[in-house]
Amino acid sequence: MTGASAERYDVAVIGAGMAGMAAALFAAERGLSCIQIGNGGGILYASGLLDLLGVQPMAERRMWDSPYEALTALARQEPMHPLARVDARSIRSAFDTFITALGAAGIAYAPLGDRNRNVLTSIGTIKTTFGVPRAMVAGVYALEARPPCLLVDFRGLREFSARQIAATLGRGWPGLRHQRIEFPGYEAVPELYAAHLARALETRETRARTIALVKPLLGDARAVGFPAVLGLARASEVHAAFETGLGVPVFEIPTMPTSVPGLRFLWALEEAVSARGVRRRHQGKVRGLAFDGEAGTAVLTLDDVPGGECVSARAVVLATGRFTGRGLIADRGGVRERILGLPVYQPASREDWHQRDFLDPSGHPINRAGLRTDDAWRPLDASGKAAWPRLFAVGSILAHQDWMRSKCGSGLAIATAWAAIAQADRQLRGTGAG
Amino acid sequence: MNTPSTIQTQVLIIGGGVTGTALARDLALRGVDCILIERHDINAGASGRNHGLLHSGARYVAGDREAAMECRAEGDILKRMAAQAIQDTGGYFVAVQGDDARYIADFPAHCARAGITARAVEVAAARALEPALSERAIAVFEVPDASIDPFRLSLESMAHAQSLGARLLRHTRVVGFERAGRRIRAARVRFLAGGEEQRIEAEQFVNAAGAWAREVALLAGAPIEMSYSKGTLLVTHVRLAGRVVNRLRPPGNADIMMPGGTVSIVGTTSVPVDGLEDIHPTTAEADLIVEEAARMLPLLATTRYIRAYAGVRPLVGSAGGANARAVSRGYALFGHEEQGLDNLATITGGKLTTCRLMAERAADLVCRRLGVNRPCVTATTPLPTAPECAWTEPGHAPRAWMRSHGPEGPLLCECEMVSASAVDALCAALHAAGDTATLADIGLRSRVGKGACQGAFCSVRTAAHLCQRGDFQASCGLAGMRDFLAERWRGQRAVLWGEQLAQAELMEALHCGLFGEELRDADAPKAPREPEP
Numbered sequence: 030m031t032g033a034s035a036e037r038y039d040v041a042v043i044g045a046g047m048a049g050m051a052a053a054l055f056a057a058e059r060g061l062s063c064i065q066i067g068n069g070g071g072i073l074y075a076s077g078l079l080d081l082l083g084v085q086p087m088a089e090r091r092m093w094d095s096p097y098e099a100l101t102a103l104a105r106q107e108p109m110h111p112l113a114r115v116d117a118r119s120i121r122s123a124f125d126t127f128i129t130a131l132g133a134a135g136i137a138y139a140p141l142g143d144r145n146r147n148v149l150t151s152i153g154t155i156k157t158t159f160g161v162p163r164a165m166v167a168g169v170y171a172l173e174a175r176p177p178c179l180l181v182d183f184r185g186l187r188e189f190s191a192r193q194i195a196a197t198l199g200r201g202w203p204g205l206r207h208q209r210i211e212f213p214g215y216e217a218v219p220e221l222y223a224a225h226l227a228r229a230l231e232t233r234e235t236r237a238r239t240i241a242l243v244k245p246l247l248g249d250a251r252a253v254g255f256p257a258v259l260g261l262a263r264a265s266e267v268h269a270a271f272e273t274g275l276g277v278p279v280f281e282i283p284t285m286p287t288s289v290p291g292l293r294f295l296w297a298l299e300e301a302v303s304a305r306g307v308r309r310r311h312q313g314k315v316r317g318l319a320f321d322g323e324a325g326t327a328v329l330t331l332d333d334v335p336g337g338e339c340v341s342a343r344a345v346v347l348a349t350g351r352f353t354g355r356g357l358i359a360d361r362g363g364v365r366e367r368i369l370g371l372p373v374y375q376p377a378s379r380e381d382w383h384q385r386d387f388l389d390p391s392g393h394p395i396n397r398a399g400l401r402t403d404d405a406w407r408p409l410d411a412s413g414k415a416a417w418p419r420l421f422a423v424g425s426i427l428a429h430q431d432w433m434r435s436k437c438g439s440g441l442a443i444a445t446a447w448a449a450i451a452q453a454d455r456q457l458r459g460t461g462a463g
Numbered sequence: 389m390n391t392p393s394t395i396q397t398q399v400l401i402i403g404g405g406v407t408g409t410a411l412a413r414d415l416a417l418r419g420v421d422c423i424l425i426e427r428h429d430i431n432a433g434a435s436g437r438n439h440g441l442l443h444s445g446a447r448y449v450a451g452d453r454e455a456a457m458e459c460r461a462e463g464d465i466l467k468r469m470a471a472q473a474i475q476d477t478g479g480y481f482v483a484v485q486g487d488d489a490r491y492i493a494d495f496p497a498h499c500a501r502a503g504i505t506a507r508a509v510e511v512a513a514a515r516a517l518e519p520a521l522s523e524r525a526i527a528v529f530e531v532p533d534a535s536i537d538p539f540r541l542s543l544e545s546m547a548h549a550q551s552l553g554a555r556l557l558r559h560t561r562v563v564g565f566e567r568a569g570r571r572i573r574a575a576r577v578r579f580l581a582g583g584e585e586q587r588i589e590a591e592q593f594v595n596a597a598g599a600w601a602r603e604v605a606l607l608a609g610a611p612i613e614m615s616y617s618k619g620t621l622l623v624t625h626v627r628l629a630g631r632v633v634n635r636l637r638p639p640g641n642a643d644i645m646m647p648g649g650t651v652s653i654v655g656t657t658s659v660p661v662d663g664l665e666d667i668h669p670t671t672a673e674a675d676l677i678v679e680e681a682a683r684m685l686p687l688l689a690t691t692r693y694i695r696a697y698a699g700v701r702p703l704v705g706s707a708g709g710a711n712a713r714a715v716s717r718g719y720a721l722f723g724h725e726e727q728g729l730d731n732l733a734t735i736t737g738g739k740l741t742t743c744r745l746m747a748e749r750a751a752d753l754v755c756r757r758l759g760v761n762r763p764c765v766t767a768t769t770p771l772p773t774a775p776e777c778a779w780t781e782p783g784h785a786p787r788a789w790m791r792s793h794g795p796e797g798p799l800l801c802e803c804e805m806v807s808a809s810a811v812d813a814l815c816a817a818l819h820a821a822g823d824t825a826t827l828a829d830i831g832l833r834s835r836v837g838k839g840a841c842q843g844a845f846c847s848v849r850t851a852a853h854l855c856q857r858g859d860f861q862a863s864c865g866l867a868g869m870r871d872f873l874a875e876r877w878r879g880q881r882a883v884l885w886g887e888q889l890a891q892a893e894l895m896e897a898l899h900c901g902l903f904g905e906e907l908r909d910a911d912a913p914k915a916p917r918e919p920e921p
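From first to last, the protein sequence lines are chains H and Z.
The first sequence runs 30 to 463 under my numbering.
The second sequence runs 389 to 921 under my numbering.
Hint data in this document are derived by calculation from the structure and do not stem from the laboratory.
Accuracy of the hints is not assured; some may be wrong.
Said to hold, decoys possible - Using C-beta positions, here's what the derived DEER-type ranges look like:
| no. | chain 1 | residue 1 | chain 2 | residue 2 | range |
| --- | --- | --- | --- | --- | --- |
| 1 | Z | 690 | H | 88 | 34 to 40 Å |
| 2 | Z | 686 | H | 389 | 32 to 38 Å |
| 3 | Z | 840 | H | 209 | 27 to 33 Å |
| 4 | H | 320 | Z | 665 | 35 to 41 Å |
| 5 | H | 126 | Z | 690 | 41 to 47 Å |
| 6 | H | 244 | Z | 690 | 57 to 63 Å |
| 7 | Z | 665 | H | 200 | 31 to 37 Å |
Stated by the list, open to error - Non-contacting residues of chain Z with respect to chain H, defined by C-beta distances greater than 10 Å in every case (computed):
| no. | residue |
| --- | --- |
| 8 | 398 |
| 9 | 488 |
| 10 | 492 |
| 11 | 493 |
| 12 | 573 |
| 13 | 586 |
| 14 | 783 |
| 15 | 786 |
| 16 | 787 |
| 17 | 897 |
No residue lacks a Cβ here, since even glycine has one placed at the ideal position from N, Cα and C.
My request is simple: use the sequences and hints to build the entire structure.
Here it is in structure tokens:
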């Protein structure tokens, strides 16, 4: 079934969410040939913020100023958590490599330190995160010092009300004002889309007209916040022009997905992996995966061309995500892994999947369902052993974590991708057990 | 402590379900001044948690001919007087292989004796018209069942009553009665959020609290015996049949699929429950409904469900056993004279189909006691259409939006296509009645939150819109969002598998992953209910 014409790679990454992108990037950085299969739809849901670990333990809703101290607590309290199984030095290297690549591809991040940072969200809550795009950093400082500040929004951008943010925070931030303006050139349009505004602001004229509308509203404001629509491909340029034009620091506030920062993020990651020679198969879906013991390769059958097509790889990284990503499939009877039918760690019955209260602080048990792996990030088969010597699993498909509640989604993706690719690299070079 | 303020009226109605609102309208049409208090919002109990069936009566022909004939007569009246809330879809009764042959054979004669038209349909012909029917179907009868929107019915009844001078106090619960001899002088009521206690003096008091009627009667010192039966229903993502589809067998679990506009509603179960707290659909009930209903409609085994809901049927008298279906589904009207009270009435039990009749009987009693001689006119007075009450109907918002071609403003809910102007109209109607508008209020009066996303995205847009209008006291905006999502979640939890589980994951990624709403203090103040300045 392989056929002589099958393309061969060192690593095949299945999935193009955050974990898949990180795995492809890290594989390429190590000089491994790599194919990545899957569209980046999941990344569109990213906010641009890179969480590492914000809350631990979840049930106590304890928030941490330092993600590394939180990781230490995690290792003590939940040794099975995937992030508890990656050492801090690897996590630092992984994040540094990741944001360096993003920076080269057009999204600048503020330098990472040891601290978590607080960011304002579009509904007025405060989100604790780790990596903050430079376009959002002034908001972190404004939120800390709470100087007189202006929030601007655009009539017709349905998911964003500056008035809502200001009113939610009002009592604790008396100098916070809000103002709604018409987006230049879109005065007659009832419904505005963030991506359209972002593109429009890349033209000099629209930008100048917008700045001219905001300038008279500044008053004593020492910073100005906007919904995250300040440019798409040329976001840094647009942001800089706003700061120059308004004469005060300007920050973006992340909006509901699918958002402009999600689009930028997807483009930057695609650019970063493509620039490193990763072969991308956007439309592909892996229909089958078989292992050839003698050749030591895995054969993936793709269904994006009629009749299917095979590629072979010496190592495979499963980064297919959870239910939204279709890595896990649930029916009334239980949860299964889509491609190989790997055993999925899960609650005993569906009645135990979810809490009765959506916001129950202890979280929903189904979110901790997923694949269990050995120390080398290899998913286990029914006998409890690695399913195949060079099959790895990374990111949110892993069991024993709840990334949404712990605020560790990006950290989980980036750190486990780093650790698994390190294992793959070691094995492919013959220095590890095969 | 200040002396509580006092409001006066002729009749105080307690409970804003289909019966209470119909009663307010009935009394207002007879020129009687009334106030309706409701501790939550319109149709918060069983009135809003049923399958929306306007019974032809055929369901009861074998067991309770009187109830069947009552349904037939009332169904006919409502089809003429409240046509805007009804889709006259017709219904099938369908038997499949293995169903009781005797019951099938007797069915047409039973229907005839109750005066209900039941026409035998060739199975093949029925399956051509309703392809979702099982190939194992063996008998099909057509009956005049229909679908009714209980929210529209109650909202329009109340709007009509208000236009005639009746007053509605939402989020107001009765906490006690002041008695003087054989009479109640006043009800003490409390505004839930504000906590301010008030007195309402009336000549007559009507307890129309549905499943909560026992609690209210007890407060007045006039106990009544009631039992409760919990019924769970599932909502599909798309509509699977044009007609009402009933299983042709004695009433039992999962014997009906209702058309509900753009969706189908499948149910029900009947489980005796002791209390009214913490009623929610369970995964086991969802499994039971899917498996049982799939015998009649095989698609139900694989289709996508978007939510479930459970209501409590108030049954008058004690169940006295496990089978609550055997207890009367008829209504009960108590005058309480034997219990030493001359100005309290309790009307409870019954069915959605008979709500008008129940209101008529209660109003007759109240009017007799008041010495009012005007007859009931609700059987002959069409229910006026209120534009602001039309938004509960699936498909209404998309049609309005298509007609307006956009200039009406942006869409806030993309699943059900509810525009900002629709939300504005709802706010305006609430304000006109001296009331505020929260996210939950909009959810009840429109399709916001009822589509596939179950509120994940439209809650954010609608909250932003309300806030921008100044309707959403933003210090409470997040609490309003929490309440709204909690209610949506209660319905989703039992049907979270397949696509809908992925949808729920997306909702959590947004509301917890990004917004961190679970980290907010749960004790944050609830939305205040002060009237607008």
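Structure-based check of all given hints:
1. Z:690 x H:88: 34 to 40 Å: Once the Cβ atoms are compared, 37 Å apart, the range 34 to 40 Å for residue 88 of chain H and residue 690 of chain Z holds.
2. Z:686 x H:389: 32 to 38 Å: Roughly 36 Å apart at Cβ, these two residues keep to the hinted range, so it holds.
3. Z:840 x H:209: 27 to 33 Å: Roughly 30 Å apart at Cβ, these two residues keep to the hinted range, so it holds.
4. H:320 x Z:665: 35 to 41 Å: Roughly 55 Å apart at Cβ, these two residues miss the hinted range, so it is violated.
5. H:126 x Z:690: 41 to 47 Å: 45 Å, holds
6. H:244 x Z:690: 57 to 63 Å: Cβ of residue 244 of chain H to Cβ of residue 690 of chain Z: about 59 Å, so the range 57 to 63 Å holds.
7. Z:665 x H:200: 31 to 37 Å: Holds, at about 34 Å.
8. 398: For residue 398 of chain Z, whose nearest Cβ neighbour in chain H is about 42 Å away, the distance exceeds 10 Å, so it holds.
9. 488: The assertion about residue 488 of chain Z holds, with a minimum of 28 Å to chain H.
10. 492: 31 Å, holds
11. 493: Residue 493 of chain Z clear of chain H: closest Cβ-Cβ about 36 Å, beyond 10 Å.
12. 573: 41 Å, holds
13. 586: 29 Å, holds
14. 783: 21 Å, holds
15. 786: 15 Å, holds
16. 787: 17 Å, holds
17. 897: With a cut-off of 10 Å, residue 897 of chain Z comes too close to chain H, as the shortest Cβ separation is near 5 Å.
Hint check: violations occur at hints 4 and 17; the rest are consistent with the structure.
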